[in-house]
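K.L.:
So the chains spell out like this:
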Amino acid sequence: MVEVHLWSGLRAQAGGREVVEVEAKTVGEVLSGLVAAHPELQEVIDAGVSVAVDGRIIASGLTEPVNEDSEVYLMQRLKGG
Amino acid sequence: MALDEYKPQKGGDELEQGHAFKYVGTRPDRPDGTDKVTGRARFGADITAPGMLHGAILRSPHAHARIVSIDTAKAEALDGVKAVVTRADFSDAIQPAPGMAGEMWNVLENVMAGDKALYDGHAIAAVAATSALTARDAVKLIEVTYEVLPHVTDVDAAMADDAPVIRDGTADKSVPPGLHPNVVRYHQSGHGDVATGFAEADLVIEDSFTTEATHQGYIEPHACLGILGGDGKGELWCCTQGHWNVQKICAALLDLETSQLRVTASEIGGGFGGKTTVFIEPVALALSRKANKPVKLVMSRAEVFRATGPTASTSMDIKIGMNKDGTITAAQGVFRAQGGAFPGAPMEFTAMCAFAPYNLANVHQVGYDVMTNRPKQAAYRAPGSPMAAFAVESVIDELCNQLGLDPLEVRLKNASREGTRASYGPKFQRIGLVETIEAAMAHPHYSAPLEPGQGRGISCGFWFNHGGETSVTLALSEDGSAQIMVGTPDIGGSRSSMALMAAEVLGIPYENIRVTVADTASLGYNEVSHGSRVTYASGLATIKAAEAAVRELCRRAAAKWGIEEDAVYWEDGYAKPSGPNAGDFEPLHISKITRRMGATGGPINGHFEATPEGAGVSFATHIVDAEVDPETGSTKVVRYTVVQDAGKAIHPTYVEGQFQGGAAQGIGWALNEEYIYGADGRLQNAGFLDYRIPVASDLPMIDTVIVEVPNPGHPYGVRGVGETSICPPLAAIANAVSAAAGVRMRNLPMSPPRILAALEEQSGG
Numbered sequence: 001m002v003e004v005h006l007w008s009g010l011r012a013q014a015g016g017r018e019v020v021e022v023e024a025k026t027v028g029e030v031l032s033g034l035v036a037a038h039p040e041l042q043e044v045i046d047a048g049v050s051v052a053v054d055g056r057i058i059a060s061g062l063t064e065p066v067n068e069d070s071e072v073y074l075m076q077r078l079k080g081g
Numbered sequence: 082m083a084l085d086e087y088k089p090q091k092g093g094d095e096l097e098q099g100h101a102f103k104y105v106g107t108r109p110d111r112p113d114g115t116d117k118v119t120g121r122a123r124f125g126a127d128i129t130a131p132g133m134l135h136g137a138i139l140r141s142p143h144a145h146a147r148i149v150s151i152d153t154a155k156a157e158a159l160d161g162v163k164a165v166v167t168r169a170d171f172s173d174a175i176q177p178a179p180g181m182a183g184e185m186w187n188v189l190e191n192v193m194a195g196d197k198a199l200y201d202g203h204a205i206a207a208v209a210a211t212s213a214l215t216a217r218d219a220v221k222l223i224e225v226t227y228e229v230l231p232h233v234t235d236v237d238a239a240m241a242d243d244a245p246v247i248r249d250g251t252a253d254k255s256v257p258p259g260l261h262p263n264v265v266r267y268h269q270s271g272h273g274d275v276a277t278g279f280a281e282a283d284l285v286i287e288d289s290f291t292t293e294a295t296h297q298g299y300i301e302p303h304a305c306l307g308i309l310g311g312d313g314k315g316e317l318w319c320c321t322q323g324h325w326n327v328q329k330i331c332a333a334l335l336d337l338e339t340s341q342l343r344v345t346a347s348e349i350g351g352g353f354g355g356k357t358t359v360f361i362e363p364v365a366l367a368l369s370r371k372a373n374k375p376v377k378l379v380m381s382r383a384e385v386f387r388a389t390g391p392t393a394s395t396s397m398d399i400k401i402g403m404n405k406d407g408t409i410t411a412a413q414g415v416f417r418a419q420g421g422a423f424p425g426a427p428m429e430f431t432a433m434c435a436f437a438p439y440n441l442a443n444v445h446q447v448g449y450d451v452m453t454n455r456p457k458q459a460a461y462r463a464p465g466s467p468m469a470a471f472a473v474e475s476v477i478d479e480l481c482n483q484l485g486l487d488p489l490e491v492r493l494k495n496a497s498r499e500g501t502r503a504s505y506g507p508k509f510q511r512i513g514l515v516e517t518i519e520a521a522m523a524h525p526h527y528s529a530p531l532e533p534g535q536g537r538g539i540s541c542g543f544w545f546n547h548g549g550e551t552s553v554t555l556a557l558s559e560d561g562s563a564q565i566m567v568g569t570p571d572i573g574g575s576r577s578s579m580a581l582m583a584a585e586v587l588g589i590p591y592e593n594i595r596v597t598v599a600d601t602a603s604l605g606y607n608e609v610s611h612g613s614r615v616t617y618a619s620g621l622a623t624i625k626a627a628e629a630a631v632r633e634l635c636r637r638a639a640a641k642w643g644i645e646e647d648a649v650y651w652e653d654g655y656a657k658p659s660g661p662n663a664g665d666f667e668p669l670h671i672s673k674i675t676r677r678m679g680a681t682g683g684p685i686n687g688h689f690e691a692t693p694e695g696a697g698v699s700f701a702t703h704i705v706d707a708e709v710d711p712e713t714g715s716t717k718v719v720r721y722t723v724v725q726d727a728g729k730a731i732h733p734t735y736v737e738g739q740f741q742g743g744a745a746q747g748i749g750w751a752l753n754e755e756y757i758y759g760a761d762g763r764l765q766n767a768g769f770l771d772y773r774i775p776v777a778s779d780l781p782m783i784d785t786v787i788v789e790v791p792n793p794g795h796p797y798g799v800r801g802v803g804e805t806s807i808c809p810p811l812a813a814i815a816n817a818v819s820a821a822a823g824v825r826m827r828n829l830p831m832s833p834p835r836i837l838a839a840l841e842e843q844s845g846g
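Read top to bottom, the protein sequences are chains H and C.
According to the working numbering, the first sequence holds residues 1 to 81 in order.
According to the working numbering, the second sequence holds residues 82 to 846 in order.
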């Protein structure tokens with residue numbers, strides 16, 4: 001299982017939790033696992049998120065690998081100017 | 082190389098160790114320089130077509146009004162008018178949705194108003210006519226009946242209980258119950274226990290700050306030429322930071338198949354984030370479809386101010402605790418940002434960037450995205466981060482003042498390093514903040530004496546940077562020169578950087594490489610030039626494409642020599658046998674291979690498509706000296722030094738230019754620039770005479786120091802540099818001005834009236 005850290009503003013959509021465990025080997029599986037565990041996160045993920053895996057911020061690559069011991073943070077989608 | 086072959090691994094392993102550069106790091110002339118100084122470069126308004134019509138847009142004079150009716154009969158009857166469009170001429174398949182999930186509808190609503198005018202300048206209808214003058218006359222003949230509604234343009238006022246509701250139901254699920262409907266998104270993050278941290282502090286300072294909306298101030302107004310037939314096939318030329326994005330949005334807003342609309346990016350006279358979306362492009366296409374003629378639309382400067390996207394304005398509360406030795410024990414911030422009458426104010430970046438430079442055990446940040454009756458905000462260099470730095474670094478400066486501590490030593494003591502848990506969650510990889518602080522401390526500027534009436538301010542700043550979808554192709558010519566097709570409009574000298582990186586791989590002179598920004602029909606998808614991504618992502622793709630060509634060049638040489646492919650290597654423009662066992666062959670120059678490429682297997686090209694995900698974050702430290710005239714309240718920036726981590730500077734002159742550009746725009750934002758709204762909700766200063774950007778005489782020579790802490794996610798170590806440079810200036814200048822004036826400046830811009838008011842308030846006047 002991979003521990004996914006949510007930003008604390010998402011607690012209301014994740015049953016009051018800031019860390020959710022999911023079965024995942026890729027970033028895409030992290031996101032689908034989060035929605036399976038907490039369907040209310042779908043709207044947030046559809047609106048756009050990034051995923052930080054061991055400090056590397058992945059903006060859109062669903063196939064990027066995730067290991068069981070990876071540090072995974074859900075982040076809001078990055079864009080710039 | 083296909084996408085599935087490109088798999089950056091944990092921590093990023095792209096960096097080529099021990100690379101001895103020949104071309105990268107040099108400062109050749111820019112390839113587009115002659116075109117631009119001779120007028121040969123074609124910008125958005127320079128494109129014409131046979132039979133072309135001219136467009137004009139009717140804009141709302143009201144900040145908030147229901148559109149009761151639009152009568153276009155008189156306009157349509159005017160001689161020379163060929164088409165009039167309203168919202169009815171755009172897609173009705175796009176539906177609103179809460180928050181950013183409804184962004185395509187938000188863009189449509191901003192391009193052409195639906196039921197309501199949401200801000201002064203909101204597009205209501207548009208005309209195409211045989212001359213620009215006729216089009217403007219026809220616009221005046223369109224009769225609109227408005228029901229004027231109450232409006233709000235201030236971020237704090239828009240959150241108050243009695244504020245008019247701009248669009249109920251826009252808030253997404255992130256917003257806690259009980260907040261005004263104008264609060265449409267909410268962010269909260271952090272770690273540790275701030276209450277405990279504040280209790281441990283020797284000194285806690287809590288303060289509030291505001292910043293005003295500012296415009297990117299690009300010199301070239303938006304301009305485009307659209308051709309769209311009734312068969313759904315079209316062409317569009319426009320000045321944009323991302324023409325694939327323009328293609329995608331226009332196709333959606335006009336119910337077209339994406340591939341049937343070919344979009345070409347013109348040369349661009351500045352963007353800074355403001356040209357990452359669409360405003361007039363779908364309108365030109367809708368007019369063209371109705372008139373069956375090409376339609377050109379060019380914004381006036383007033384339209385640029387009233388109806389494109391300035392940055393958000395903010396209201397912020399900061400609380401920081403510090404021990405006598407300079408250790409920060411806890412930090413928290415509340416960031417309220419308005420982004421106009423739509424969701425999207427970058428409050429989450431404001432919150433996430435605010436404390437990122439510091440290693441904090443206890444940190445908490447909250448952000449509110451608030452709607453007001455103003456134009457839809459657009460990105461502006463590191464969106465959200467400069468405001469956060471202004472508030473946070475002002476409080477740190479005040480803590481240093483009251484505790485008698487050196488401000489750079491305090492930043493160094495608390496600086497984020499590799500392995501530090503960032504205030505926004507994950508741990509940092511290799512970063513260069515400490516190196517920028519140490520370089521600033523060693524710079525002669527930091528120890529130079531100040532004149533009477535002057536003050537010195539410093540600040541650190543942070544930005545994420547970005548990768549994004551990228552396609553590049555490279556084709557070799559028979560004479561051994563190379564042409565490269567990129568899809569990222571050149572907003573900061575990227576063609577030069579691409580040519581340098583390709584020269585490095587191919588081993589041919591920089592001058593033998595031409596880089597072209599391809600149109601959407603000539604190359605695979607490319608994300609917008611934003612997020613400081615171009616030199617990183619298009620650069621990485623250029624290197625990979627050039628390496629693919631080199632592999633083929635080596636194969637051709639191996640075939641000629643009759644040896645194995647892996648017995649050939651490439652060096653400085655030549656294929657060479659890898660050692661005595663490979664055989665004794667005269668090295669083959671690239672031109673000797675390309676001259677016969679048609680007969681030895683066909684054209685030699687390289688290409689690369691991927692979404693690089695290894696963009697490294699970056700930090701900067703700025704030092705500013707400012708002088709304040711207590712009689713007039715005017716400020717002069719007398720010395721400025723930018724120190725920033727570039728990872729690896731491909732073309733150092735361009736990197737220095739980015740550093741200086743961020744500082745210059747920051748000086749304008751800090752001292753003079755602001756959107757001023759009247760009580761009627763109308764913009765009062767929609768022109769450069771009243772909206773004062775810095776001119777050359779306002780600026781000092783801006784010194785630069787390039788720090789190079791390589792990014793492991795790029796073969797040469799590149800980090801984006803275009804945005805981080807605007808993160809520290811607001812704070813550094815505010816700290817300098819506050820020191821010079823002897824009063825803490827909490828509200829930007831620090832224009833003469835504000836400084837005089839602060840001085841009078843301090844003296845009890």
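To be clear, the hints were calculated from the coordinates, so they are not data collected in a lab.
You may find that some hints are simply not true.
Unchecked claim - As a list, the in silico DSS-like pairs of lysine-lysine whose alpha-carbon atoms are at most 30 Å apart:
1. Lys25/H - Lys103/C
2. Lys329/C - Lys371/C
3. Lys508/C - Lys25/H
4. Lys508/C - Lys103/C
5. Lys657/C - Lys641/C
6. Lys405/C - Lys508/C
Stated by the list, open to error - If we take Cβ atoms under 10 Å as the criterion, some of the chain C residues that face chain H in the derived model are:
7. Ala182
8. Glu184
9. Gly350
10. Gly354
11. Thr392
12. Arg462
13. Trp544
14. Asn546
15. Pro668
16. Arg763
17. Gly801
Treat the numbers as computed from the prediction; the structure is a model and nothing was measured.
For glycine and all other residues, C-beta sits at the position ideal for the given N, C-alpha and C.
K.L.:
The structure should be examined with respect to each hint, and the outcome stated for every one.
P.N.:
Results for each hint:
Simply put, Lys25/H and Lys103/C have alpha-carbon atoms about 41 Å apart, too far for the 30 Å limit, and the pair is violated. For the hint linking Lys329/C to Lys371/C, the alpha-carbon distance of about 20 Å falls within 30 Å, and the restraint holds. As the CA atoms of Lys508/C and Lys25/H are separated by approximately 20 Å, the hinted pair is consistent with the 30 Å bound. Restraint check: the Cα-Cα separation between Lys508/C and Lys103/C comes to about 35 Å, which exceeds 30 Å; the hinted pair is violated.
For the given pair, Lys657/C sits about 12 Å from Lys641/C by alpha-carbon distance, which is consistent with the 30 Å threshold. Distance hint between Lys405/C and Lys508/C is fulfilled; the C-alpha atoms sit about 27 Å from each other, no more than 30 Å. A least Cβ separation of about 5 Å between Ala182/C and chain H falls short of the 10 Å threshold, and the interface hint therefore holds. Interface restraint check for Glu184/C: the shortest CB-CB distance to chain H comes to about 8 Å, inside 10 Å, so the restraint holds.
Restraint check, Gly350/C versus chain H: the minimum CB separation of about 16 Å is more than 10 Å; hint violated. Interface restraint check: Gly354/C against chain H, minimum CB-CB distance 2 Å, threshold 10 Å, status holds. Taken as an interface hint, Thr392/C checks out: its beta carbon lies about 8 Å from the nearest beta carbon of chain H, inside 10 Å. Interface hint status for Arg462/C: upheld, as the beta-carbon distance to the closest one in chain H is roughly 5 Å, under 10 Å.
For Trp544/C, the interface hint holds, since its Cβ comes within 10 Å of a Cβ in chain H; the closest pair sits about 7 Å apart. About 7 Å separates the beta-carbon of Asn546/C from the nearest beta-carbon of chain H, less than 10 Å, and the hint is met. Because the beta carbon of Pro668/C sits about 40 Å from the nearest beta carbon in chain H, more than 10 Å, this interface hint is broken. Residue-level restraint check for Arg763/C is violated (minimum Cβ-Cβ distance to chain H is 26 Å; threshold 10 Å).
For Gly801/C, the interface hint holds, the least distance from its beta-carbon to any beta-carbon of chain H being 8 Å, beneath 10 Å.
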